[in-house]
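> Listed below, chain by chain, are the residues.
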Amino acid sequence: MTNALLDQTLAAAKAENRAALIGYLPAGFPTIAGAAQAVQALIDGGADVVEIGLPHSDPVLDGATIQTADDIALRGGVRTKDVLETIRTVTAANPTVPVLCMTYWNPVDRYGQARFAADLAAAGGAGCILPDLPVEEADEWLAAAAEQGLATVFVVAPSSRDERLAVITAKGTGFVYAAAVMGVTGTRTQVGELAEDLVARTRATTELPVCVGLGVSNAVQAAEVAAFADGVIVGSAFVQRILDAASPEAGYAAVRELTAELAQGVRKR
Amino acid sequence: MSDVTSVPDARGYFGAFGGRFIPEALVAAVEQVADEYEKAKADPAFAAELNTLLKDYTGRPSPLSDVRRFSAEAGGARILLKREDLNHTGSHKINNVLGQALLTRRMGKTRLIAETGAGQHGVATATAAALFGMDCTIYMGEVDTQRQALNVARMRMLGAEVVPVKSGSRTLKDAINEAFRDWVANVDSTHYLFGTVAGPHPFPMMVRDFHRVIGQEARAQVLERTGKLPDAVVACVGGGSNAMGVFYDFIPDADVRLVGIEAAGEGVETPRHAATLTKGDPGVLHGSRTYVLQDEDGQTIESHSISAGLDYPGVGPEHAYLKDSGRAEYRPCTDADAMNALRLLSRTEGIIPAIESSHALAGALELGRELGPDAVILVNLSGRGDKDMHTAAQYFGLLDDDATSDDQTDAAGGAK
Numbered sequence: 002m003t004n005a006l007l008d009q010t011l012a013a014a015k016a017e018n019r020a021a022l023i024g025y026l027p028a029g030f031p032t033i034a035g036a037a038q039a040v041q042a043l044i045d046g047g048a049d050v051v052e053i054g055l056p057h058s059d060p061v062l063d064g065a066t067i068q069t070a071d072d073i074a075l076r077g078g079v080r081t082k083d084v085l086e087t088i089r090t091v092t093a094a095n096p097t098v099p100v101l102c103m104t105y106w107n108p109v110d111r112y113g114q115a116r117f118a119a120d121l122a123a124a125g126g127a128g129c130i131l132p133d134l135p136v137e138e139a140d141e142w143l144a145a146a147a148e149q150g151l152a153t154v155f156v157v158a159p160s161s162r163d164e165r166l167a168v169i170t171a172k173g174t175g176f177v178y179a180a181a182v183m184g185v186t187g188t189r190t191q192v193g194e195l196a197e198d199l200v201a202r203t204r205a206t207t208e209l210p211v212c213v214g215l216g217v218s219n220a221v222q223a224a225e226v227a228a229f230a231d232g233v234i235v236g237s238a239f240v241q242r243i244l245d246a247a248s249p250e251a252g253y254a255a256v257r258e259l260t261a262e263l264a265q266g267v268r269k270r
Numbered sequence: 004m005s006d007v008t009s010v011p012d013a014r015g016y017f018g019a020f021g022g023r024f025i026p027e028a029l030v031a032a033v034e035q036v037a038d039e040y041e042k043a044k045a046d047p048a049f050a051a052e053l054n055t056l057l058k059d060y061t062g063r064p065s066p067l068s069d070v071r072r073f074s075a076e077a078g079g080a081r082i083l084l085k086r087e088d089l090n091h092t093g094s095h096k097i098n099n100v101l102g103q104a105l106l107t108r109r110m111g112k113t114r115l116i117a118e119t120g121a122g123q124h125g126v127a128t129a130t131a132a133a134l135f136g137m138d139c140t141i142y143m144g145e146v147d148t149q150r151q152a153l154n155v156a157r158m159r160m161l162g163a164e165v166v167p168v169k170s171g172s173r174t175l176k177d178a179i180n181e182a183f184r185d186w187v188a189n190v191d192s193t194h195y196l197f198g199t200v201a202g203p204h205p206f207p208m209m210v211r212d213f214h215r216v217i218g219q220e221a222r223a224q225v226l227e228r229t230g231k232l233p234d235a236v237v238a239c240v241g242g243g244s245n246a247m248g249v250f251y252d253f254i255p256d257a258d259v260r261l262v263g264i265e266a267a268g269e270g271v272e273t274p275r276h277a278a279t280l281t282k283g284d285p286g287v288l289h290g291s292r293t294y295v296l297q298d299e300d301g302q303t304i305e306s307h308s309i310s311a312g313l314d315y316p317g318v319g320p321e322h323a324y325l326k327d328s329g330r331a332e333y334r335p336c337t338d339a340d341a342m343n344a345l346r347l348l349s350r351t352e353g354i355i356p357a358i359e360s361s362h363a364l365a366g367a368l369e370l371g372r373e374l375g376p377d378a379v380i381l382v383n384l385s386g387r388g389d390k391d392m393h394t395a396a397q398y399f400g401l402l403d404d405d406a407t408s409d410d411q412t413d414a415a416g417g418a419k
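Protein sequences, first through last, are from chains A and B. First residue of the first sequence? That's 2 in the working numbering, and the numbers climb one at a time after it. First residue of the second sequence? That's 4 in the working numbering, and the numbers climb one at a time after it.
FYI, nobody ran anything at the bench for these hints, they're computed from the structure. Accuracy of the hints is not assured; some may be wrong.
[To be verified] Simulated crosslink set (EDC-like; lysine to aspartate or glutamate; CA at most 16 Å straight-line):
#1 B/K44 x B/D300
#2 B/K169 x A/D72
#3 A/K82 x B/D298
#4 A/K82 x B/E299
#5 A/K82 x B/D300
Could you put the whole structure together from the sequences, leaning on the hints where they help?
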C-alpha cells in the first residue's frame, strides 16, 4: 500500500520537530551520466527525500526553467530506462534515502503501468508523483504500485474543494503534495498564503504528511513554509543553479550549497 | 449505431478514448465548464442567443456549392462543398467560439485565451473577445506566426495579444502547452477557449456539439439538392473539429462513408508528417487518451505539415473511437497533393480554399475516382485560403522576383 522507507523518513523529520526537505532534479540533466551526481549533491547537502523527474516533451505543468532542463535531457538522448538507471545508481549509494520518480503520465502509460511499477521498485524507487493523473484515472496504477510497495503521491491545489481533497487523500500514500500557488513550477518571490490554507484544509482530511511545493527557492521561504507544512519541496531553484554554473562540477557544488541552506531553513520553524 | 451517437459517457469516454488527464489545479475549472455547459444546454435562452449570433453575425446557414468543373477531375463524381469558408472570420472555427464565448460570460469570466495553429481559431476567438468586450491572449507557435503572418495581424487588429511560443516544436502542440500554463495560473478570471475536439472532457463533446450545425445543415441541403444522402462525407482532420462537426449527424446513416483526411506532409513513409490516426499509437496528450504520434518512450514526436492547422501530433478522441469502431476511415494526403488541389479549386471554381481544407479536396478527388461518376461526395470546405497566400506564393512561385526585391528595398528604407 505504501512505502516504509518514505513513511519512516518523514516520521523521523516530524520527530525532530522539523519539516522534511524534498529536492527535485530531472534525470538526463545536465547529462545522462551526470544526473546521478547532481542528485547526490542534493543528498550530500541534506535533502531527506529526492524526486527524480522523467523528462517529457510536453511538460505542461513546468515553467521555463524545468522545460529547459527537460529539453537538454531529451536532446541528450535520455530514455525511460536511463531514468530508472539513475534511480538505481542513487538508491544503491544511498539506501536510506527515499527516491521518488516524478513523471507525466504518458511515459508510464507507454512503458506499461505494471512493468513501470515493477522496474521502479526493482531500481529501489520509493514511489511516484504523477501530476497529470487525476485520482479518477488512477485505479490500475494504484493497484500496480501497491503490489510493488510503492507510494503514490497525489497533488492537491488551492482550487481543490474540501470534498475533493478527501477523495484524493483517501487514495494517496506517502505524503500529499500541496501546490503552493496556482501556476507552473518556477521560483517565486512570494510563496503565498494560499499554501497555509490548503495545508490546513488537507490536514482535515488525512493523517498523511502534507508537503508544499512550487515557488520555494531560498532558506527564508523554506522556513516560512516549514512553519505550517510537514515538508518543503524545491526543484526549479536547483535546476537553475546547474543551468547557471560554468561547469557541471560547479553546478553540483552550487546544488550542495543551496541544499545545505534550505536544510537549515526547514529546521527553523 | 445508437452506441456510436451516445458517446461520451459520464466520464468523458468515447469507448477507450477521451477521459480527463489534467493537473489537479485545473480540475475545478474543467468541472465548472462541464457543469455550465449542461445548464446552458437546458436553457432555451442560451440556444436562442447562440442561434441569433450564428444567423446574424456568422451568416449561417452556409451555402452548399456544386463544383462541376472541379468534379470533372474527380472521375465525374458530383462534389458538393459545404461552404464554411464563407462564415464570418473565414472558417468553421467561429461556430465553437461563439458558443464558448457565451458560456464564458455565463461563468462570469472576463478573459479568453486560446491556442491557434493556422490562426483561424485565434482570429475567431479574438473576434468573439471584441464582440463580448473580453480580454484576449492567443498562443501561437513561433513557426506558425511566420507562415500565417496575416492572421497575426488580424488578431492584433481585433485587440488580442498574440504570444509567439518558442518552446518545443514551436507549432500548435506547444501553443496548447503554453495556453494550459496560462490557464493554471489565471483560472479565476480566464476561460481557455479550446479550439478543437481534443483536450479533457467536456471539450471534445462540447466543441463537437457547437460544430454539429455544419452536418445538420449539410445533410438537409444535400437531401434537398440531390434527393438522397451523399455516398461519402470528406473532411480534413488535424485536431478534427470541422470533421466531427460535419460527420456527427451522418453517423446513424450507415450507408454514408465518413472519410477523414490527415496531413501526410512529405509522406507517411517519411518522418515528416502529421498523420496521427494512420501512424500513431494510443496514448495521452493534452488531457485525453487518443492516438498520438509518439516514440517508444511516450515522448511526443514533432509533426510536420505545410498546413499549420493540421500540424498536430494528436487528434480528438472521438475520431480515435470512430476509427477503431470502423464507422469512419482516415486517409493520409501529402503536402503536394493538397497544394495541387488548392490550385485546382482556385482555377476551376474561383474558390481559394485554406491549405487545411485542400487536404479534404485532394481526398475527395481520390475518392471520386474510386467511386465513379454516380457518386455524390460532400466535402467540408472548412476555411478560406487568404491566410495561405504567403505559403502558396512561395510554393508556386507566384510573385515576381522584382516584387520581392522591391519589398526588400522598402524594408531597407528605400535605399535609392
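> If a hint holds in the structure, say so; if it does not, say that too.
Evaluation of the provided hints:
Taking the CA atoms of B/K44 and B/D300, the gap is near 41 Å; set against the 16 Å cutoff, the hint is violated. Proposed proximity of B/K169 and A/D72 is supported: the alpha carbons are some 12 Å apart, at most 16 Å. Between A/K82 and B/D298 the alpha-carbon distance is near 14 Å, which keeps this suggested pair within the 16 Å criterion. A threshold of 16 Å between alpha carbons decides the hint, and for A/K82 with B/E299 the separation of about 11 Å falls inside it, so the pair holds.
Of the pairs offered as hints, the one joining A/K82 and B/D300 holds, with about 9 Å between alpha carbons and a cut-off of 16 Å not exceeded.
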